[in-house]
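Visitor: Sequence:
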Amino acid sequence: MEFSQSHRVEMISMAVALVAIVGGTAYYYYVTKKPKGCLDPENFKEFKLVKRTQLSHNVATFRFDLPTPKSVLGLPIGQHISCRGKDSLGEEVVKPYTPTTLDTDVGYFELVVKMYPQGRMSHHFREIREGDYMAVKGPKGRFKYQPNQVRALGMIAGGTGITPMFQVCVSKGFRVFL
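Under full-length UniProt numbering, the letters of the sequence shown match residues 1 to 178, in that order.
No wet-lab data here; the hints were simulated from the structure. Glycine residues also receive a C-beta, built at the ideal position from the N, C-alpha and C atoms. Mixed in with the good hints there might be a few duds.
Said to hold, decoys possible - The calculated label-pair distances, taken between Cβ atoms and stated as ranges, are:
| hint | residue 1 | residue 2 | range |
| --- | --- | --- | --- |
| 1 | S88 | E110 | 21 to 27 Å |
| 2 | D65 | N148 | 28 to 34 Å |
| 3 | L55 | R142 | 27 to 33 Å |
As the list claims (entries may be wrong) - Think about it this way: if two alpha-carbon atoms lie no more than 27 Å apart in a straight line, the pair counts; the simulated BS3-like pairs of lysine-lysine are:
| hint | residue 1 | residue 2 |
| --- | --- | --- |
| 4 | K137 | K95 |
| 5 | K51 | K36 |
| 6 | K45 | K114 |
| 7 | K48 | K140 |
| 8 | K86 | K144 |
| 9 | K95 | K144 |
| 10 | K137 | K36 |
| 11 | K45 | K137 |
| 12 | K70 | K48 |
| 13 | K140 | K70 |
Kindly generate the complete structure, drawing on both the sequences and the hints.
Guide: The following block contains the structure:
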């Protein structure tokens, strides 16, 4: 009887340990797992424009819905997407843009676009309305930002270089000193 009781306690202890290991592993996997992004680097996918906010006479923010409210774009910090549209002659135009949102912004992504009078893609952004779709593919680019890779990082940016630097500045764990 003594052997049976100690054997039983040992089996219960092993079962509890096994459940704790499996549960801990599953929890770690669930917490650290990154959601799969919506982008395809080879093929254009359509995203619906849900909000257009005019910021100035030639600058606007464009918010596009992702397939589900929990979807992420899947764009690494500092990289960009290719957007496809039509110019004033109806010809296809493809131009790179860097979203101002990160993958911590779920369910949508935003572009801040300056529209130039003679800009071919600017025409498309002037004409697109809420409910219309934009063809997008990516990610594109070679810049790879790794948080905490360096102690300090100096940035000088202008024009189209501002948005990738903005992404780095608002990313998790980055401290800005002016």
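Visitor: With reference to the structure, classify each hint as holding or not holding.
Guide: Outcome of the hint check:
1. S88 x E110: 21 to 27 Å: Since S88 and E110 have Cβ atoms about 25 Å apart, the given range 21 to 27 Å holds.
2. D65 x N148: 28 to 34 Å: Roughly 32 Å apart at Cβ, these two residues keep to the hinted range, so it holds.
3. L55 x R142: 27 to 33 Å: Since L55 and R142 have Cβ atoms about 30 Å apart, the given range 27 to 33 Å holds.
4. K137 x K95: holds, 11 Å
5. K51 x K36: holds, 24 Å
6. K45 x K114: holds, 23 Å
7. K48 x K140: holds, 21 Å
8. K86 x K144: violated, 31 Å
9. K95 x K144: Given pair K95, K144 holds - Cα atoms ~20 Å apart, limit 27 Å.
10. K137 x K36: holds, 15 Å
11. K45 x K137: With a Cα-Cα distance of about 6 Å, the restraint between K45 and K137 holds, given a limit of 27 Å.
12. K70 x K48: holds, 16 Å
13. K140 x K70: The given pair, whose Cα atoms are some 23 Å apart, holds under the 27 Å limit.
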